[in-house]
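*Asks:* Order-wise, the sequence lines are chains A and B.
Number 66 in our numbering belongs to position 66 of the first sequence; there are no gaps in the numbering.
If you count the second sequence from 1, you need to add 1000 to reach our numbering.
Treat the hints as calculated values from the structure; they're not laboratory data.
Backbone N, C-alpha and C fix where the C-beta goes; we use that ideal spot for every residue, glycine too.
Check before you lean on any hint, since a few could be wrong.
[What the hints assert, rightly or not] Short derived list, chain B residues pointing at chain A, Cβ under 8 Å:
| # | residue |
| --- | --- |
| 1 | 1054 |
| 2 | 1057 |
| 3 | 1070 |
[What the hints assert, rightly or not] List time: in silico BS3-like cross-link candidates among lysine-lysine, alpha-carbon distance up to 30 Å:
| # | chain 1 | residue 1 | chain 2 | residue 2 |
| --- | --- | --- | --- | --- |
| 4 | A | 294 | B | 1093 |
| 5 | A | 78 | A | 175 |
| 6 | B | 1123 | A | 294 |
| 7 | A | 724 | B | 1093 |
| 8 | A | 90 | A | 78 |
| 9 | B | 1276 | A | 861 |
[Claimed, not checked] The following label-pair restraints were derived from C-beta to C-beta distances:
| # | chain 1 | residue 1 | chain 2 | residue 2 | range |
| --- | --- | --- | --- | --- | --- |
| 10 | A | 834 | B | 1210 | 16 to 22 Å |
| 11 | A | 853 | B | 1205 | 28 to 34 Å |
| 12 | A | 69 | B | 1024 | 53 to 59 Å |
| 13 | A | 857 | B | 1103 | 27 to 33 Å |
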Amino acid sequence: MRLYRPFDTAAFVAALPQTVRAIAVLDRTKEPGAIGEPLYQDIVTALAEAWPESAPMPRVIGGRYGLSSKEYTPAMAKAALDELAGPKPKRHFTVGIVDDVTHLSLAVDDAFDTEPPGVTRAVFYGLGADGTVGATKNTVKIIGENTPLHAQGYFVYDSKKSGAITVSHLRFGPKPIESSYLIRRADFIACHQFEFMEKLDVLALARPGATFLLNSPYGPDVVWAKLPREAQQQILDKRLRFFVVDALAVAKEAGLAGRINTVTQACFFAISGVLPRDEAIAEIKQAIRKTYGKRGETVLARNFAAVDASLAAMAEVKVPGRADSTFTRRPIVPKAAPDFVQRVTAMMLDGKGDLLPVSAMPVDGTFPTGTTQWEKRSIAQEIPIWDETICTQCAICPLVCPHAAIRMTAFRPEEMQRAPATFKAVPYSRKETPSLAGMMYSLQVAPEDCTGCGICVDVCPSRSKTEVKHKAINMAPKLEHLEAERANYEFFLSLPEVRPALDTIDGLRGSQFRMPLFEYSGACSGCGETPYIKLISQLYGDRMVVANATGCSSIYGGNLPTTPYSQNAAGQGPAWANSLFEDNAEFGLGMRLAIDAQNDLAKILVRELRGAIGEALADALLDAKQDSDEEVAAQRERVKALKTVLGKLGTPEAKRLAAVADSLVVRSVWIVGGDGWAYDIGYGGLDHVLASGRNVNILVLDTEVYSNTGGQASKATQRGAVAKFAAAGKSIGKKDLGMIAMAYGNVYVAQVAMGANPVQTVRTFQEAASWPGPSLIIAYSHCIAHGIDMTTGMSHQRDAVKSGYLTLYHYDPRLGMGGADQPLKLDSRKPTIPLEQFTMKEGRYAMLAQADPARAKELSKAAQADADARWQLYEQIAGVHRVVAEPSTKKGEPPAAGAPSEEVK
Amino acid sequence: MSIDLKSRYLGLELANPVVASASPLTGSVDSLKRLEDAGVGAVVLPSLFEEQIEHEEMAAHNLMLYGAELSPEARGFFPEMQPHDSGAARYLKLIADARKALSVPVIASLNGYTPGGWTRIAKQFEEAGAHAIELNVYFLAADPADTGAAVEQRYVDLVASVRAATRVPVAVKVAPYFSAMASMAVRLVQAGASGLVLFNRFVQPDIMLEELEVAPHLVLSTSDELRLALRWIAILHGRVEASLAATGGAHTADDVIKVLLAGADCVMVASSLLMKGPQHVDTLVRGVEAWMREREYESVAQMKGSLSQRSCPDPDAFERSNYMKALKSYASEFA
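Build the full structure now, drawing on both the sequences and the hints.
*Replies:* See below:
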């Protein structure tokens, strides 16, 4: 089928010989509830309307294939044809998955292979950051443009933003390449990262006699012993030719830091022989000139130098006669992982998710949370190590950690008896928390979950008196500390959680004693967004419901195979769902309405069953305050008691109430997304939700660009910043979303930057959560798209506020009620440094100053004027008396007995 | 009587020997014009640093690669810069613009410490119109394995490398920290230097007590500092086949006169201009002229080097240390 609409019935029927007896229609779509998929239905209708009466009507069967990027191979096509030719073909089937629930999937013969001879197939394993994909793309171009060969490239990425693995599949051969599926038997395998050998089965795709190139810090004489036994065995069994090159050393020598792509590319050409060596080298250089030509002579010269040095650095390994390695590949997940993780998650982590049968999927599509803890990606080279002797226990480092990989706790001294010898703890020294007096304090890194960003060290305010660079935490080589810290962390996690009341201290330290229920996400190393989400999870994770807009936060927040949202010891944790870009605010509002409706119903039923439940319990269930952790815990106990009573009652009403009883415990609804969602694409909905008066909390993770898709300008992008779609620097200023929301009067609004004022951040999160109407928090988040050293992200936030680039404030309608106070409070001081002192430290601004200094100067001047005007405006509004009328929160008062609220009717 | 203030430096004719040294004041065509209007003899543009040439390109390149190809949705995080305008490109434009706007000689300045590919930029300086190039060398031999001989060779190689890249005259600006300054001066000239600029002052580190941080701290020069240049210019005058420029501490007309008498072909000024503005050039030139008129000098050529070591009545004075001099004067009281 080439033309789908308008559907040409006559042409379609004319194309079929009248001898056709059976047709299999394959749709790459799924329409739940339809009689069949769209193309199938069209074909059936077309035949019914136009098939000549002289011939018997062909039998038509319909199948689904290739959904969710599932492979579609010749073997699958064969399976469909075989089915069609069989005596009783399934009228509806699927191919490419194993459906052991409906049994409608077709069996596929894996050994069936139609790839023609003469095609060279190469597979390259790399990291997102090492340039493998770029180099293989260039390889495809070089071969396609400079040889008579046809070439094909396909690139598979995983969903991580730090330590992402890429697999490049490349085919070339004398005839056009029509194999639109991944390589299954490779002639050449390159592994560009040595540590993959322990993590991945990189040689699984190698055909017997294939060539294997490994980027290895170990030379040809010693590398054998450094391979896991499985890899050795495969090299022997498949009689692979095995080459090593220390590409990192070559790249470093050429001044290219970690970019190994040109080195490994040169080696590929040299080994594969697809082009004569000299010609290949010349073509690689030409490709480099084409790709990087605009970036200057130095860039070219260094890349050329790397290419020239590559071949000399490569060596073939004399493969010993037997596999004698003392170690094997690490298990994908630890033995302690739960059953689902062992059966399902581990398969996905191993890249074999497509082999999972349908029965492995949860029935309702809900995936278990708390699964990132089993990944143990171990991607850091260095991890923070605590010096307890100079730590002031300020709690900033756990607060800012993007991956919840550095944590603090307090515990009873007697616990130390079972602690590993290397576990560090000191008496808790802060006076503000009397409930923790006499306890021990510990700060602990999760060595295999830390990504090594170093943000914790950057923010640490405690310095050694004898060596100023030494802080209370310091980065140290992971391998030296891994074993000890792994044991220490395990012990740390076994300590009971302490939850000192938040109002007894400034909230900051109190929040950081709480267990994060958002941990070890795949976000970028040093991410500026995740610390905010983690903070909410510490404050309200046990009762948190998240509606997440599509974007970075949905990728690191809930992308398969693992989920960073986690659970506490009682099994409570956030419930999370991701909607679209454009409707996330409404999606979250819907959650609120559903929760409220269930709560209304539960309350009505509690009143109706008051006598049976017991008056005291019923009244407490209806009236108890649920503002603090303790009050919420008490309500949970009441609900538990209620369920016991209802179980005994066994009446239809009791069963009805039991089904909604959990909704009597408060839920904290958070609507989360980035600036692309909140300022641009989802803004209409956001405004609608702000106007709803409902109790929802909206968190905008403001990176001032569309981060997930590579830094496109949004309405949050500030004047003068370079972004995609604003390549000459954005010429207009940032939309003031906070001010728009404040115009409603009854919306709690805050602008925060954790790196500038962590206490304000924690406080505003609590205020937003406790405000019974809509709340909007605009959280400034540094980002890889800012062109900064991510280690210093929090320092950049501090400078942003110092320079007036960003003003911190909170607008609390409660303060305006009754007219006693002004609702808007400024939480940052008047700018003390010029804007440029901040902006010129960020690549997004500095690159314009380099490319077009005159325009940069003009925009910078305008941006300074923006900042001055903004500060002046805020300062004035903060001084204006504004009375907020009684806010029209629709919820709050319980509906009168017997009078169901509007929504329930 | 008309007084001839002309001087020759690097083979260039200067209307007077006061030259604006590399400083922010020589970084824009506007302020260069003001210096010319105030009567400056020549201008030295601010230095283009070796780092600016190589590291800036690499930094921009690395920025483009940052996070590139992390996911199929984000191939990179920044738009490709169009057209790439590096520090070097901007500098070449400054040379060309300065040449167009000024009639006084324009000397471009290059700052680096490793002989190598980056010195090819000297050719581009020439093509952009620079009358001469000042090579500003600073190498801090902090590595205990670096010997004095090796460091000296590095200077010589660097000078030769720049010399080979261009046909315009090359002046070399060095610091005084050589064991054998006179020998070094000769070697630099042999390597291809047409002039020596004595001496370079460096930004020295300072400790910020509030932040407990180490930060570079620029202190403007004072007249006192000029005497180091005065000594070596007096010693080298007539001994090396090269122009000599004094730099570092010329604030007053008297300062200018002193180094001219010692043998300088020109005097570089920066700190005093930064403090007093471009019009201070006029004050200096008029002051020199007034002094010459009073003493009935006819030309700068006439007075230049008249108190150099070769020409002064007490040549030893330039080689004595302060201590010896003090001792002598103390003893003479009782002689």
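*Asks:* Could you work out which earlier hints the structure fails to respect and list their numbers in ascending sequence?
*Replies:* Hints that this structure does not satisfy do not exist here, as all of them hold.
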